[in-house]
Amino acid sequence: MDRRVPARQGPGNAAAGRPQPTGPDQNGAADSRDPAPPRPNALVDTRILAAARGDRPADLIFRRARVVNVFTAEIEAADVAVAAGVVVGLGSGYDAETIVDLDGAYLAPSWIDAHVHIESSMVTPAQFARAVVPRGTTTVVVDPHEIANVHGAQGIDYMLAASADLPLDVQVQIPSCVPATDMGTAGAE
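Heads up: the sequence shown runs through residues -7 to 181, numbered per the numbering used here.
Take the hints with a grain of salt, since some may be wrong.
Pairwise CB distance ranges (calculated) [claimed, not checked]:
| no. | residue 1 | residue 2 | range |
| --- | --- | --- | --- |
| 1 | MET114 | GLU68 | 36 to 44 angstroms |
| 2 | ARG56 | ASP149 | 43 to 51 angstroms |
| 3 | LEU152 | ALA123 | 18 to 26 angstroms |
| 4 | THR38 | HIS109 | 36 to 44 angstroms |
FYI, nobody ran anything at the bench for these hints, they're computed from the structure. Quantities reported herein were computed from a predicted structural model and do not represent experimental measurements. For every residue, glycine included, the Cβ atom is placed at its ideal position computed from N, Cα and C.
From just these sequences and the hints, can you work out the full model?
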């Protein structure tokens, strides 16, 4: 059941026409949709700050949510306001262009995978994002030592470029085991 209730219509409605992630599909064909917009910087984006202060409507409010607070181990009944993809408020009193009535459904923070090797999954970063984002993972810390051992700096550059405009926040760390030891079997000669 779709519980979206537009509070206001107009050219600023963020729910309409929002770009989706791009990249190859399951069969490797290019995606014709527009690339996802760059993530805003909450420290300098005046829209985010204004919505957080209540000076302008947020883009989206999740009404009547049961928010899972992972810091206090409590479940709190609250509304959650979102502007430019950033949570800007928790509680009542916020207005938004789009309202989603959760009718008491749970709302929980996303998962951060603190150590992953995307290249071991044998898919591109875009395909990896398509697999993990719908299941709640929004951030990964990547150790690209395998691609670095095979392709060197060009492999790292590829991982950075291929991860730039995804709905997944990819944090690439410097590999600790490059070059590979004599016992390494990454496939490079």
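Now for the hints, and whether the structure bears them out:
no.	hint	result
1	MET114 x GLU68: 36 to 44 angstroms	holds (41 angstroms)
2	ARG56 x ASP149: 43 to 51 angstroms	holds (46 angstroms)
3	LEU152 x ALA123: 18 to 26 angstroms	holds (20 angstroms)
4	THR38 x HIS109: 36 to 44 angstroms	holds (39 angstroms)
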